[in-house]
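S.K.: Chain order of the listed sequences is D and E. Quick note, in the numbering used here, the first sequence goes up one by one and the last residue is 457. Quick note, in the numbering used here, the second sequence goes up one by one and the last residue is 1037.
These aren't lab readings, by the way, just hints derived from the structure by calculation. Certain hints may be false.
Quick look at which bits of chain D chain E covers, simulated, 3 or more residues with Cβ under 8 angstroms [claimed, not checked]: (1) 141-149; (2) 153-162; (3) 183-197; (4) 250-264; (5) 400-409.
Only some residues are given here: those of chain D computed to face chain E with a beta carbon under 10 angstroms [stated by the list, open to error]: (6) Val-77; (7) Pro-133; (8) Thr-137; (9) Gly-138; (10) Asp-166; (11) Gly-289; (12) Val-290; (13) Thr-323; (14) Tyr-326; (15) Gln-330; (16) Phe-334; (17) Asn-338.
Computed from a predicted structure; not experimentally measured. Note that beta-carbon positions come from the ideal geometry of N, C-alpha and C, so glycine has one too.
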Amino acid sequence: MAQTVERVSLARENPIGPGHGLGSVTDKITDIILRRPIGLGWVLGLLTALGLLGALHLAIGYLLYRGTGIWGVNIPVGWGFAIVNFVWWIGIGHAGTLISAILCLLRQPWRNSINRFAEAMTIFAVMCAGLFPLLHTGRPWLAYWMFPLPNSMGVWPQFRSPLIWDVFAVSTYATISIVFWFVGLIPDLATLRDTAKNPVIRGLFGALAMGWTGSARHWKRYESAYLLLAGLSTPLVLSVHTVVSFDFAVGIVPGWHTTIFPPYFVAGAIYSGFAMVLVLAIPIRAAYGVSDFITEKHLDFAAKVMLATGLIVGYGYLMEFFTALYGGAQYDRFLVWNRLHGPYQLAYIGLLMTNIVIPQVLWIKKIRLQPIFLFLISCVVLVGMWLERFIIVVVSLSRDFVTSSWGSYVPTIWDWMTYAGTLGLFFTLMFLFVRVLPMINMAEMKTLVPEAEVHHA
Amino acid sequence: MDSETTMSKPEAVCPGKQDDPKVKLVQLQEHLAGDDAPEYWRSLEELAGSAEFRESMHREFPKGASEWLDDVSRRGFMKLMGASVALAGLTACTKQPTEYIVPYVRQPEELIPGRPLYFASAMTLGGYANPVLVEAHEYRPTHIEGNPDHPASLGGVNIFAQASLLDMYDPDRAQYITYLGQQRSWSAFTTEIRGLMNAQKALKGAGLRILTQTISSPTLAAQIKALLEQMPEAKWHAWEPGNRDNVYAGAQMAFGQPVETQYHFDKADVILSLDGDFLSADFPGFTRYARDFAKRRNPDGEAKMNRLYVMESGATPTGMKADHRLPVLASQVEGYARALAAALGVGVSGGSFGENGKNGENGENAKWASALVADLKAAHGAAVVVTGDHQPAAVHALVHAINGALGAVGSTITYTDPVPASPLNQTGSIYELSRDIKDGKVDALFILGGNPVFDAPSNMDFAGMFKGDRVPLRVYLGSHSNETAVLCQWHVNESHFLEAWSDARAYDGTVSVVQPLIEPLYESRSPHEMLAVLMGQAGFTGPEIVKFHWLKEKTGKVAAPGDAVPADFEATWRKSLHDGMMAGSAPAPKVLAVKTAIAASAEQVAVGADTVEVNLRRDPCVYDGRFSNNGWLQELPSPMTKLTWDNAVVMGPALAKQLGIETNDVVSIEADGRYATGAVWVQAGHSDKSVTLNFGYGRERAGRTGTGAGFNVFPLRTHDAQWTIRGAKLVKKGDTFKLATTQGQQSIETPVGTRPLAREGTLAEYKQNPKFAGEMAEAPSRDNTLYANVEYKDRSWGMAIDLGACIGCNGCVVACQSENNIAVVGKDQVLRGRYMHWIRVDTYYQGDRNNPKAMYQPVPCMQCENAPCEQVCPVGATAHSTEGLNDMVYNRCVGTRYCSNNCPYKVRRFNFLRFQDLDTPQFKLMRNPNVTVRTRGVMEKCTYCVQRINQARMESEKADTPIVDGTLKTACQQGCPADAIVFGDINDKNSRVAKLKANERNYGMLADLNTRPRTTYLAAVRNPNPELESNEQAERS
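Chain E with its partners taken away, still in its complex shape:
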């Protein structure tokens, strides 16, 4: 068959149209004969899996109706108005069908309607498991939080794991199996595969290739290995654009074997990051690292406050939290690392702290480095050096050597075997695959997840290779009909992790069982089920595959489909499901000796006068593009730029000035004959002579949400320059493109003074004057009022946010969005200043624009005791509760917006239009049933998660016990990996929040307006090296 022509068809063909009624009977028989025939069905159409039926299931309204979601044209509006009037009288003509509702006859075990259940599971990202607890209402997952029992989480969770909930309910997910765009049954697929595998068996699988993402799942790895044993000529390839090839190659250089490094920031007094952004949510182990780092960031803590030095090419949260930060080019890091290693007594030579002049050997950089070296040496055994995945292998090797010299191994660092089970050299792996395809060696390619057509190195041209029949059979298992899916004949819709069984290892190697919360919404398949088909083991169910793997692993028993497992194994299995991890599954630490002869990376093109260095990085919100269709992440302001819905060409102020470029100017970037075009964002603190591009944007087939957002930088990315491109040319195109940022002004400095909104000081200042934060702006006395002060006798809720701990990761924002059913409004509305987040993280830059410091300030509602909003509401829709909450009565709100105008913190959000998608059935399942879904014309804002407070109050009244401090948490608090947000009853003097509010760093933002905010902040304290600090001060004066 000529697949070239048929491949172009699927997009054009509407699935509803080519279904001939005569085919139905055939389909029906075929379907009933298959092993996936449904037990119950509503109609013959469903049984036959008819396209019309499927379509009617996945389209929430009849055709045509959904067009009204879009802007209404004048004509359309007139038509609708006319028709509404004309048809108004006809409403009485439709007889609504009678429907019966019945309560549970036999109530499912443990389920109490209205009371959520929590299940431990794990969300895998880049191969690493993020342990989570999933909240389910009537078995519908509604919220994801961290697993407090798991060492990789301790209750914290990153934005991706939280937002992955929305992915499961994404109405754009592929909902059935397709062959050339036409719907097929699972049995049709298995039949075809059976034939293929029989043919391949004869060839020992010589034409069979499997391409996965990074896999740490022991079960899946075992399955693939078993398959490779059956077919020794078949190959397993792995590819992720955000791969960690350099990490393992660096370890190979240093130790002669690839290892995984785990950091223990809770034990580190001095931390140096060589372009390693360990406080960004995509860093493996981030949640735990954030917690450990923040714990030592506390000037009042038991242990000494840590000190963070950062050299970095971009501007990242890690750099902004640093006590000392040095913007450098990514390509310069190796030289610095080498010089540092030499200074610390590692037997390497070469390297320097900059080239010449002011920043040269004897200049500022050298001074910086000598202070750093002294500090690192002094902290022997309690110092640690970190670097990033994008740094070349040599830097990783040097860092291993430095850490060895600093006595970090065994104290602040542990080495274990690599967590991924898939090929570690992914670049080599995908390169080999592309060679094999070009050589015509591949008969059948199974792509399990990922999106190689979009994200593989551009010089391999996967899109080109997938056209025609160079690979005769391409099977894609994926959740969306994306760029890769349309170029594969078979597309099997993949289950979400909340729908299917699996397992995975966390950053420390601990195994978590991924247990599903819900039956697949659309009869989708997991990679395990796909592998079972390849191996001719279709009889095993999803749960059996995972469970029997571990049965074999633990007891050596091999089970057949339907077998029961021994009772003692069942008990430990259940315990690991409950705990969200398998006890004792973490690999043992390794003791390794570092080889000190570390070869330098190959010298690349030097940065010329008219060229720039390009940093290619994962996007902090959509990762590598896999979350492009996730509205929560698209609308999540990027931690540094606060951009939503787009990536940008991020450059520093100096380069922008030199090139005469401003934010929103469109530029094209040319590197080695490859081009990308995007809008510029001028970012304070970005290193000079370089730009950072986040990949993952510019998807062509992401779905309704993600298609067309941002620009695609993958065309620039080749296998030999995946992270840093030197010598790229930047050309201003002349037009502009409006980027949507959520923050109006990124500074608290105004022409008439600095506003004391976010406050910080140094450790020395704090020791000298512990009340420094409160003195920046004093709140009026409580007696200074004409009215009687209200007493909150029973409970009074309050919140304290530690600005020192906050790393700006946005965990709180996503947590709040998920918990409180907050709408996504889209780029156009963000541009108009109408995003809906109830909590935002303000980023304020201070100091030199080329190397500023930044403060992150999460701002939820302050729940002012003297709330300016309450006084001006004409209908009393916002009022105070007896426990001191500033409550919002949505039903009563008429929408004058006066409250928002009068709110000095601007935390109120208004439904200017109907922002909620009230029609998509999937979203109805997803929403938190305890939180009202707000309609158009209503004001909303943070409630301190009043639904959780009410639940806790009811429980406490029923049991007649007080609410124990720490058991009632707001969603933002739970979503915070750094434990920066503390909520509780301030009347209880022993509560954590009351103690924090008694801390001398505690202050109320704008409390000088006499608002008496219940949310207060603990001023951030930095711990600069006194030696460098005096230099910097001298420089400033």
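Isolated chain D, as found in the complex:
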């Protein structure tokens, strides 16, 4: 095998399978959208996702009708699944931005084959995430008050609140991500316009392609716009989850009030994001035969990123314990005790297992190269990262300062339905995406085929 070669120069080594040329890339990717018949698996998958999406609608409808009380939230646990899921989804989104922006700036060409659907994943995850802060408010129809809208009363949001920072951070993130994604799509949309036979489809792609001709001038502007957007997105990878972590770190609740939260949240976000990339990539490459484009090398790299960020997260857990014990405040020390021995003990042990212990098998190269193992481990990490947010939000709130007010949180059927519903929304969008838009960036892939190699004299 060519393993020895790979080790020499991973980044510069061509990350796509052998035998591809400019034409074959276009054919292979446009084929999925324009010519491939609709498969039974896709239909079943979409129907399942649509079913969950229906559950989401029902859950939201009932929520608006009755109120937040249909969920398990209470006093003291004022935030439950909604905020857990919000942070979880936002975190998942991060991998997409990291892949498309940071790896772009770092000139990591292997990202070219996964950045498109990773970015799509970001946008869909942010859409799911964005639902929760809106729905969790007691009066969602007034949630727009969190935006600084000029009004005759002269009433503004309260800018010291991390929730307001959140509003800005997440809305900026969503906007930039969509623009970045769309700009990146333009050359491919033009390709589709040129390939499509059906006049309606051609017209649609043509409108979206915004008159792209592929001229050198277009390419030049495109490249600089893309680079600028990558530059804009890069700080967002760090800032969004930092701001999200402020929701907790600024509070005084033991378990929230920790300065380590920003880096630890960002690492956790990338951790879960890469897990989700793998969860999506592994079935896609199997189903659509694009393992030439999304190769084992990609899986290997993603697994390594997971391993690294997972260790950072583990370090975060250690430091939380260390500062609590070293600081000596009894409320913090109790937090440690409570996580280990309290009523949510099982969740905490589960967290340690899923987030720290099990992913250590990724040190083994054979496992990194086994898609099925990788898929399972990624699922485990996704569960683990969800548990982490559950521990932070629910376990901290359930037992804070005044013992008389200790309580517990039990999610209701509506909590579960809303959560499952957002998974439905995410996968519905994902299923549609893989069939109507190029899930792999053709333009960028073409820079990787041998024909694109610039031959110096």
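Got chain D sorted already, so can you dock chain E onto it with the hints?
M.R.: Relative to the frame of chain D, chain E by itself:
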């Protein structure tokens, strides 16, 4: 007529359906002919008193609509959503009727819209008047507080009096007179009664019986006596499950006559309670006793701090406030009392301090008792011994003897004639009634109030006796269609005390006139009016009956209906109405000699190894069941268990361990072939080998709120074992029942240390280091900040709560609920942790689980100067006022709940659902118009009663005078009988609150978080006997 079959009918028949239109004219004529024909009417239906009309009045929505109050099914939801969309366009089709609003043409005297009026009245409970001031907005009673001028109140008030406001507005009250469940007019009733009374007159009333509750009303007593004079063969019976038979029987034993005992805890240095829970709201005289006790509980007070010893069978607030507490079985108290009496020089013999071993003659109990005896002796003339209504007569007699020996009479104790005018031996009285019924001697039974079918001794089987025609005519006067009402042919709806004239005596015998605040909401009748009908005096109006009684009493004049009273009597009458009491009406103290030969109670079955002793007690919240339909009291956490909506089988940790039972396990209790089943609550401090059951729960016909809550223990209660059942068997059933408590953890101890939330020390520790409380956790310095400190130049409101004085009675909680329109959420929501009380009383147990000490800590909003909630609200819905209040802007709140998460005290409450009942018209009348009614999705919390502050500020600005300290009180402060809560301007250095905050016991809860709370606490100080204290310390080490 066969009443057996007709009696079952009423429930099934809908009042709207059997009304034939043809009947209407007849009804109309009959109604107009009657003496209660309305002067004005809106429609012929109303005039005729048609059932449809009544129903449309009492049902707030058309039929079917109200079903939406309940959980919505999926189908129902889809239907509603579909219909809403489909019908959305039709809204424009309805033309709203034109309505005119007009201001007063002639404004009623004294009434200024928006400004409340206060009237003195009295709420009667167990025969004793609780003097109150009732706040009325546009003549609608909205809040009840204590009457500061009355010696029985001094401004304090118990939970029952405060919550009785909700009873008046209870939409489940009976709203019309019924005969066999069908609506009848008052004139139809009076006609029937006239016939009956004429027949009875011939028999000298031989078949006539009247059953009342405990009555202290001089007017009603005079009426009944007058009736009995007319009909000497008729009989007056009285029954209340919480009767005081033992008290009067004990006095009879001791003095040869029944007397009432009044305690003066303000004069007592040493207090011993022999299972007498005088700090519970149902104890007669509680409000005054709480005030007097708390006054002497102050280590900084002028008088020496008192010392409280308690022996008790259950776990009660009195026991938890004690300096020394000894859990004993209720049945053991007599032996202890006898031994104590002997030790104190009373000529009795027998009795001992326990049976054997560790707690025997020479064990801990004996040591405890010898220290106690020494202390009592040393405090001669300033000591007092109290016992409870449930202790047998012999214990009461022994206590009288002990008090005599301690020189308490005349100093810490006063004896007067009994306050009740009704038969004092209620057990004998109801037993006689049941015998008469069984013997077929009773032709007509008038039940004025109470609920004997539910609460009479179970071996008398009132429910059985009321079926069939063993008593041919049963008339019930009562506010609700309850268990008794459905078994009586006639049910006359009774007026609430806020709707009708009456009078009553307080615990000290002072007479209060009960004056109504509002016309009866539903043409109801008072017992006085009922009696007037029995005596053929229907011409007298309610107010005339009471007023003319006193006219006769004071001047000897007999007045006829419509007469004017002499001007000088009118003046004194008005003064007593205004003051809420009649000057000089308290009975004179009696001087009595104690007989020392006190026979022991009959020996009962001993507690076997496999049996337990059962204590039957009134419920601290729903009393004897009469408040079952009162949501405020149902949701009020019980002082010890913090349980809401249920009673429980309360047992100590030792018994629970022995039986392998945990909280929420269902057990059945069998005593003498009678059974009750309930869920267990393991209560720290409860005496071993016994369980306490509170009666009053398990109502079958209480109303929407109370029906089905808790379990009924009355089946266990027979006339000869009303309070203590020995030898009951407890069997674990295997299933569980979820009890709803409001407190998560009843201890401040955690595995990593004790949290300095509620703080206390002993008197010795306090004297040694007065700053002990502040040193438990120190607040950061005010300069330790990056920001400029805010100056509150004008006023800064603050509160100080004395934990030493707080007795955990929940007075503040009900006061707040009533003042601030706080919603009742129901058991399901309490279980989910969503109760809405703005102030809660945390109970923290410390020490040995079998005999702990407890601290009560009322927690309102701390109004932090550095409020963590304010900083995190994204929309600025909670912000600081210039006077230092942490204000809540409901309109602005979008409901993120971030503020609550970040509140270290967890005092914020969220409207997770639409908790307020916005539709029931009665509740619209009841609410405080100055407080916003919060809707779904909004956060709320204590505001320091900002509406009262604003009112006071406006008045002070108008008059250009400062707000005088003490005139502006928060509702919780007013509702506190122990005067533990003090509110005021801390910028005014002479204000009471500023002085308390300068006290060395003052500390801020969690002030170490730099929240700078405006509500601070004065650490509790206990005054243990140094002799026993050293023992206890030695034991601990």
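S.K.: If you check each hint against the structure, which ones fail?
M.R.: When the structure is compared with the hints, numbers 3, 11, 12, 13 and 14 turn out to be violated.
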